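Colleague: Sequence order for the protein chains is A and B.
Under full-length UniProt numbering, the first residue of the first sequence is numbered 1, with each subsequent residue one higher.
Under full-length UniProt numbering, the first residue of the second sequence is numbered 1, with each subsequent residue one higher.
Hints are not guaranteed to be accurate.
Copies of the same chain are indistinguishable here, so a pair counts whether it falls within one copy or spans any two.
[As the list claims (entries may be wrong)] Calculated lysine-lysine pairs in the DSS-like style (CA-CA distance at most 30 Å, straight line):
{"id": "1", "residue 1": "Lys86", "residue 2": "Lys148"}
{"id": "2", "residue 1": "Lys10", "residue 2": "Lys148"}
{"id": "3", "residue 1": "Lys32", "residue 2": "Lys20"}
{"id": "4", "residue 1": "Lys32", "residue 2": "Lys69"}
{"id": "5", "residue 1": "Lys148", "residue 2": "Lys32"}
{"id": "6", "residue 1": "Lys69", "residue 2": "Lys11"}
{"id": "7", "residue 1": "Lys94", "residue 2": "Lys10"}
{"id": "8", "residue 1": "Lys20", "residue 2": "Lys69"}
{"id": "9", "residue 1": "Lys69", "residue 2": "Lys86"}
{"id": "10", "residue 1": "Lys11", "residue 2": "Lys86"}
{"id": "11", "residue 1": "Lys19", "residue 2": "Lys69"}
{"id": "12", "residue 1": "Lys86", "residue 2": "Lys19"}
In short, the hints are calculated from the structure, not lab data.
If you're wondering where the values come from, they're calculated on a predicted model, not measured in any experiment.
Number of protein chains: 2
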Amino acid sequence: MQRIANLIVKKDDQVLLLKKPRRGWYVAPGGKMEPGESIFEAATREFSEETEAIPVDTHLKGVYTMVIKEDNQVVDEWMLYTFLAKDYTGVPLKENREGILEWHPISALAHLPMAEGDRTNLLFAVNERGIQYGTFEYTTEFQLLSEKIQQSNE
Amino acid sequence: MQRIANLIVKKDDQVLLLKKPRRGWYVAPGGKMEPGESIFEAATREFSEETEAIPVDTHLKGVYTMVIKEDNQVVDEWMLYTFLAKDYTGVPLKENREGILEWHPISALAHLPMAEGDRTNLLFAVNERGIQYGTFEYTTEFQLLSEKIQQSNE
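Just chain A, same shape as in the assembly (with noise of 0.2 Å):
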């Protein structure tokens, strides 16, 4: 089973977001866990392979099970874990071979063109206390057909 983990930076009422070619949708950057990595350590060595910066004070908002399905059939599962940091070291690339990285207001990720279940996920991380857990159901396509949201504080 696939295990993502993505970071995003918000400093001064600004985000870090990738916009990726392929649809011009944004994202956090992050990517794949490899063997034996902690979520922690996958989170931040990914942020730091994609931005060339290092993430300061980072944090678990959330810990996402995706669904994909095709034809009402489940077509593949993985687990997708979103970090906040707060700060970061280091000078941000301006694009990668990922993408163009752009930094926009909080405000911006209520419009912003994204997977619907992604603007759920980074609204939560950039705005709210506590961690949220949830499902995601997608199409191939990433189409959200349903999310169901759960949510906790220390």
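Take the given structure of chain A and dock chain B to it, following the hints.
Modeller: This is chain B only, laid out in the frame that chain A set:
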């Protein structure tokens, strides 16, 4: 890849543990996630199935990458999600088909027989703020080979 969720209830400085017959080792109630479940749903469902009590004020405390090695080769890898609940409703069972349910003082976590990674993880869950991340490497007989830990606070 297997995903396991467990949950330790801490109330009045006592914790509820399951003593398993095979080695006499203690664990927190828990078990395998079902397809499409969130980790929160899995932890609370498994706890309720194993104890017949309902956890209250449940929050994620740790996410661990579990690696099993034999002759220096990785033979299995899975994810463990550990939750803490600060209260419960109902009357927990005294035993279930998995073993005996016992209340112990928090301090007993330091010396009760258990997998050494579980000790790290449960001591963190009941005593510390924030979230712990890490990788535990075990032999197939559950002797701890290594642990690598990170933690963060909101």
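Colleague: So, against the hints stated earlier in the document, which numbers end up violated here?
Modeller: 6, 9
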